[in-house]
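> Since the structure of chain A is provided, determine the placement of chain B on it from the hints.
Read top to bottom, the protein sequences are chains A and B.
Quick note: the first sequence, position 56, residue 177 per our numbering, numbers continuous.
Quick note: the second sequence, position 175, residue 176 per our numbering, numbers continuous.
Some clues are possibly wrong.
[To be verified] Covered stretches of chain B, going by a simulated chain A footprint (3 or more residues, C-beta under 8 Å): (1) 33–45; (2) 84–94; (3) 114–127.
[Said to hold, decoys possible] Here are the in silico distance ranges between beta carbons for each label pair: (4) B/Thr141 - A/Leu151: 28 to 34 Å; (5) A/Leu168 - B/Ala51: 31 to 37 Å; (6) A/Val134 - B/Thr193: 34 to 40 Å; (7) A/Ala167 - B/Thr151: 16 to 22 Å; (8) A/Ala167 - B/Gly57: 25 to 31 Å.
Since the hints were made in silico from the structure, they are not lab data.
Being a predicted model, the structure only gives us computed values, none of them experimental.
Ideal placement from N, C-alpha and C gives every residue a C-beta, glycine not left out.
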Amino acid sequence: MSDAVLAGKTGPVAIPLRDILPWLVLGGVLALLALYFVGVEQGAAALFPGELVHETVHDGRHLLGFPCH
Amino acid sequence: MSPLSRLSGRVGGLLARGLIAGLVAGLLAAAFAAVVGEPSIERAIAYESAAEEASGQAREPELVSRAVQSREGLLAAGVLYGAAIGGLFGLAFALAYGRLGRLGPVATTAVLAGAGFLAIAFVPALKYPANPPAVGDPATIGIRTGLYFTFILVSVCALAVATAASRPLRRSLGSAAGSLAALGLFTALIATAWLALPAAEAPSAEFPSDLIATFRLASLGTRAVLWTALGIGFALALPRQDI
Chain A
122 MSDAVLAGKT GPVAIPLRDI LPWLVLGGVL ALLALYFVGV EQGAAALFPG
172 ELVHETVHDG RHLLGFPCH
Chain B
2 MSPLSRLSGR VGGLLARGLI AGLVAGLLAA AFAAVVGEPS IERAIAYESA
52 AEEASGQARE PELVSRAVQS REGLLAAGVL YGAAIGGLFG LAFALAYGRL
102 GRLGPVATTA VLAGAGFLAI AFVPALKYPA NPPAVGDPAT IGIRTGLYFT
152 FILVSVCALA VATAASRPLR RSLGSAAGSL AALGLFTALI ATAWLALPAA
202 EAPSAEFPSD LIATFRLASL GTRAVLWTAL GIGFALALPR QDI
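Just chain A, same shape as in the assembly (with noise of 0.2 Å):
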């Protein structure tokens, strides 16, 4: 049976949590790696020396909302 006839007698049929998992550990980590470098490198954190990506993404960082100097 298909999902559409799934979904057409019983409403919204759920992704298992099996399938969703690897993808929630894949994409999670690279989200909150981009998260990082735009929020907190350089600032309370630093991976790397010096002022470049801080400088860079300065103005984001402070209008979305993250604690700078």
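What follows is chain B alone, placed relative to chain A:
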């Protein structure tokens, strides 16, 4: 195609849709921020420069010019932030779809976008509001960042708990009273964390307060544009057939 690869492709497709919708939403949010937020940032930096000059401090050299920071830099931050939030949104949709009562795909998207703005932007901004440059004390950046992320986490968890509790609450109290009880639970959890965590650092009394108010509104507006555009973009990008 095997049933398994079709299923996992489904989640990957939602993640990709979220990424793209978020990227576009980040672009629009950056455009809004450039027009509405940049004047406050420039004013704050002018204030900071004047204060440094008055105290005889040497101005720190810029690696990235202010012109680049306020255009390309802002755009890069907006797009990266938007894509990251959008990817997480696609995954949250995969988790929420079919698990929020009988809500269809578009209604699930709308509820998630509203919930995301509320829990990730609005509620944390009430406790630890955004500040323009020159307000934060560089010595406390670590503790301020920790508290801000803690409050976002608390706010997201409180909303998840209240949502999970709303079904049994509505079953036992009825639809309206049960929904109100779930809202009350969310508010109570936020209030508890609010009282448990230290207050935000007050800006120095000399810093113009109207500048802080204008900046905070621009910051919240930037995030409102992002979540609205993300919700609309994701709904438009939803697959036409079954999810």
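> The structure should be examined with respect to each hint, and the outcome stated for every one.
Against the structure, the hints:
no.: 1; hint: 33–45; in the structure: holds (count 4)
no.: 2; hint: 84–94; in the structure: holds (count 7)
no.: 3; hint: 114–127; in the structure: holds (count 3)
no.: 4; hint: B/Thr141 - A/Leu151: 28 to 34 Å; in the structure: holds (30 Å)
no.: 5; hint: A/Leu168 - B/Ala51: 31 to 37 Å; in the structure: holds (34 Å)
no.: 6; hint: A/Val134 - B/Thr193: 34 to 40 Å; in the structure: holds (36 Å)
no.: 7; hint: A/Ala167 - B/Thr151: 16 to 22 Å; in the structure: holds (20 Å)
no.: 8; hint: A/Ala167 - B/Gly57: 25 to 31 Å; in the structure: holds (29 Å)
Checked against the numbered hints above, the structure breaks none of them.
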